[in-house]
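Chemist: Chain by chain, the residues run as shown.
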Amino acid sequence: MFFISQASAAFVYFTVFLILPISMILVAAKEYGLSSLVQPHNIRLSPIGNLVTITKVGESLNIRFYGYSFGTILNSLIIASIVTLFSTILGVLVAFVLARYDFPLKSVLRILAIIPLLMTPFVNAYVIKKLFGPTFGYNTISWLLSTVIGHDVKLMFAGYSGVVLTQIITFYPIVYLNVYSSMNNIDPSLEEQAENLGAKGFRLFRTITLPLSLPGVMAGATLVFIFSIEDVAAPIIFGVRDVLAYQVYSYFQGVRVGLGNPEAAGLSLVMLVIALAMFIAIRNYVNLRQYAMLSKGGRWKPRIRKLGLKGLVAIYLFVFPLVLFTVSPQIGVFMLALSERWAETPLPQGFTLKHLMGLFQIRGVFKAILNSVLYSLAAVAIIVVLAISTSYVVSRYKLRGISVLDYLSTAPLAIPGLVIAYGYFYFFHDAFLGTMLDPIVNPALPIIIAYSIRRLPFAARSIFAGLQQTHVSLEEASLNLGASRLRTLTKIVIPLIILNIVSGAMISFVYCVAETSVSITLGGLGGDITSPTHKAPISMAMLDLITSGRVESVHLAAALGVFLILVQIIVIVLITLVFKQSYAFIGV
Amino acid sequence: MVVDVRLEKVTKKFGKTIAVDSVDLYIKKGELFGIIGPSGCGKTTTLRLIAGLEFPDEGRIFFGEKDVTFSKPYERNTAMVFQNYALWPHMTVYENIAYGLRLRKLTENEVRRRVKQVLELTKLEGLENRYPTQLSGGQQQRVALARALVVEPEVLLLDEPLSNLDAKLRVEMRGELRNIIKTTGITAIYVTHDQEEAMSICDRIAIMNKGRVIQVGDPKELYFNPKSFFVATFMGKSNVLKGMIKETDPMFVELDGLQLRLDRKIDDKLVGKPVYVVIRPESIKIVRENIDYAENIIEGEVTSISFLGSHYLLSISIGSIVLQAYAEASERLSKGDEVKVRIDPKDILVFEEQD
Ligand SMILES: Nc1ncnc2c1ncn2[C@@H]1O[C@H](COP(=O)(O)OP(=O)(O)OP(=O)(O)O)[C@@H](O)[C@H]1O
Ligand SMILES: [Mg+2]
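One line per chain: the protein sequences are A and B, in this order. Take the first sequence: its position 41, counted from the start at 1, is 41 in our numbering, and no numbers get skipped. Take the second sequence: its position 276, counted from the start at 1, is 276 in our numbering, and no numbers get skipped.
Some hints here could point you the wrong way.
[What the hints assert, rightly or not] Which bits of chain A does chain B cover? Going by a derived footprint, with three or more residues having C-beta under 8 Å, they are: (1) 184 to 192; (2) 196 to 209.
[What the hints assert, rightly or not] Partial list, derived from the structure: chain B residues whose beta carbon lies under 8 Å from chain A: (3) Ile18; (4) Tyr74; (5) Thr78; (6) Met80; (7) Trp88; (8) Gly100.
These are computed hints drawn from the structure, not numbers from a lab. Virtual Cβ for every residue (Gly too), placed ideally from N, Cα, C.
Next up, chain A with everything else stripped away, as it sits in the complex (with noise of 0.2 Å):
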């Protein structure tokens, strides 16, 4: 009975706001016609534009990337593919060297390939941008260049190709992460074996390592390959509009006046398609083959290698410049914060702590902070009493079917944040119009479950794992008391795994404060930033600060940028060293 009940009551959450709400986009889909979807802005097999040009301007020699556009649909599935591609190479390569050698510094290179994870919206993108994106003068890394080989270069990347870099840096991490955990889950002995029957090298990451790091590899390239069609960020900044996530983006900034995109539902049923079909095919893929290891007889602490000398320069010479390359955003971020000025200079100029003072002065920023936190620790209420009953339900209930329960609190991983955005929209605006849960009254409540089903699956993980951990004998001998279902999990079962929901709580709000699909479209409906009774959160205000055009604001967008960190780092310090829990950044 308990477990019926708390089964049903999440069934209908989910159904009620993610199922019902997405499924609005078939209807909204149909009514705009799916045929338009084919039409040469969309698909286009005859590409225009170019991927670099080399010019000489005098003694300059000018390298600007841009790259070519084959319609909205087809250069989104583009960017993704480059983006995952590089990425898978990159993380792996990181991966590889943190899970399997030791090297001096290894401990700084283990935390800098983190940090391009802690997120930034917009600020991240338009720092890239500065640093090596297109500027009348110099970007910073022409500057750089043209100083250290003392020869006048001018490298830039603008549009496509400045979205793909940003992607590749922002996202790779993500690849390095699961990868890296597979690796550590992998039983040394099967390499062991290789290297005793002749393996060395790179035949044996090639044969061993890297088939067995395999489901690692799938799960991140996917997040990477998803997160790349649904990122805004960097297609605004780089003012790359033909991709699919400006286009449903731009659905919302004709909506107050009644002007929506009208192609906006048949574009995000095409995002949610491919989402899905990439995160259902890796699901398959990953199940095929039996990778589950065929048994936990040896030692289970990989073998750390020493690196040779040719190895040692490669990870000096090579992964070191290439991570700290892809810290630069972050870095840049503090520096665009606490200067007084960056326009048409390479670095930065000026100190001041002014920008990070007017977080808390100027009225409608620090409005945002507000509503960000309210929103969040209102979603994560919501998280937590969803999550338990869900995870204890699935880990503890055998029942057929059961699994469709932990399949939906898994999914909005997959699900594009625009697709959800739309959904929302369409759903919360046809059925409650005129109602406090219209997000053209008052976006707040349909954020709120938004960022509730969004960031569900963090604190779910969290807490599934706590469940696991703890032997069911000790729920039984409390039900054997006479103890009810409900009694038990209260009395027993929560307090054994506070630390896993305080965890996972805690991971979800910082993925609730930094999210950006939903607050920048539903949020964008919320009134102007400027005025002190505005409903947006943070990521609108950042938004809204680096697109204004003036000077002042982008820096006020970068402090809220360095706020954003702060809190992130005080959580993943708190989860990791206070609780000793592991910090679930994005992984499956």
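Put chain B with the ligands on the given structure of chain A with help from the hints.
Modeler: Frame of chain A; chain B with the ligands shown alone:
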């Protein structure tokens, strides 16, 4: 090529733990050599040192004349069978076995021929295309063995290869394993913590304890002539009693009022000293009639009896001493019976201390 293996004063530490402590071993060409000892005594570490998966802190290791102390694992031409088999789950049986051959740059034809040969030897024909997860424990074990044998290593290393099998299969595989290894004539080192298994498979055995080699010898020698209390009690089940040497010519040991004659030379200065007496259950024989000429005949009472199928396990109490003994299943015995037992003087082992 078949080689002999020599370890000279090999020491390996992990932090403060001395896993292998100044070990000397000599393994002859083509010998099937066992290493036994309790859990954590350094057996696996010794094997891994020979395979090059660890490097010693001190000492040297030779294959024939070649010093391999610090050669990389892939340079040594050993082949190891891991305790958990370490079969690659992403490769079929065929691919698993062919892996080492392909590394040796053989032609695909040659690879096929040698895999076929070893599949026959290990009775795995027909399973080539299965994945390891689709095999039984015994089959997995044989794939691991086949994969190691097929590369014709100079030294074959086996780390508790039967420990993951159930008891019955474990006993069945013993003979099979010895046959396969002996057919190839290879030098093999066999690690186990099961003394019975080692005795039934190996030509010679080294017993280790706390990182040190305590005694090396063939199975009979270790069983009947253990040099220390540890070896005596490790090799099989035993009754351990405290006693005192009474006389040395002829030698008598007194155990709680009971006098038993011994059949081995014992230092005179031990007279009057406390000693440990080890008697194996199978050395205690029930006698039915009076045999006047035999010594060491004792009377006692059966205080417990358990039927083990082929025989009984008895507890016989003699005064305050309780001895474990075996009796044929055909003996009609029950609890409370008075029995007479005889202990052959040469089966009584005496040790000065419990090391
Ligand atoms: N990689 C390692 N790091 C630290 N200590 C180790 C390591 N490997 C082995 N040891 C320690 O060295 C000692 C010997 O270990 P070893 O694995 O050789 O024992 P063993 O005889 O094979 O035991 P078992 O029968 O349980 O397999 C043990 O105390 C063990 O804890
Ligand atoms: Mg061992």
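Chemist: Hey, does the Trp88/B contact hint survive, CB to chain A under 8 Å?
Modeler: holds, 6 Å
Chemist: Hint check: is the beta carbon of Gly100/B less than 8 Å from a beta carbon of chain A?
Modeler: holds, 4 Å
Chemist: Interface hint check: Thr78/B, Cβ to nearest Cβ on chain A, cutoff 8 Å. Holds or violated?
Modeler: Holds: closest Cβ of chain A sits about 6 Å from Thr78/B, inside 8 Å.
Chemist: Does Tyr74/B hold up as a contact with chain A if the rule is Cβ-Cβ below 8 Å?
Modeler: With a minimum Cβ separation of about 5 Å from chain A (threshold 8 Å), the hint on Tyr74/B holds.
Chemist: When I compare C-beta atoms, does the region 184 to 192 of chain A have three or more residues closer than 8 Å to chain B?
Modeler: holds (count 4)
Chemist: Tell me if Ile18/B is really an interface residue toward chain A, meaning its C-beta lies closer than 8 Å to one of theirs.
Modeler: Since the shortest Cβ distance to chain A is 18 Å, the answer is violated.
Chemist: Return the status of the interface hint for Met80/B: holds when the least beta-carbon distance to chain A is below 8 Å, violated otherwise.
Modeler: holds, 5 Å
Chemist: Are there three or more residues in the region 196 to 209 of chain A whose C-beta lies closer than 8 Å to some C-beta of chain B?
Modeler: holds (count 8)
Violated hint for the displayed structure: number 3, the only one.
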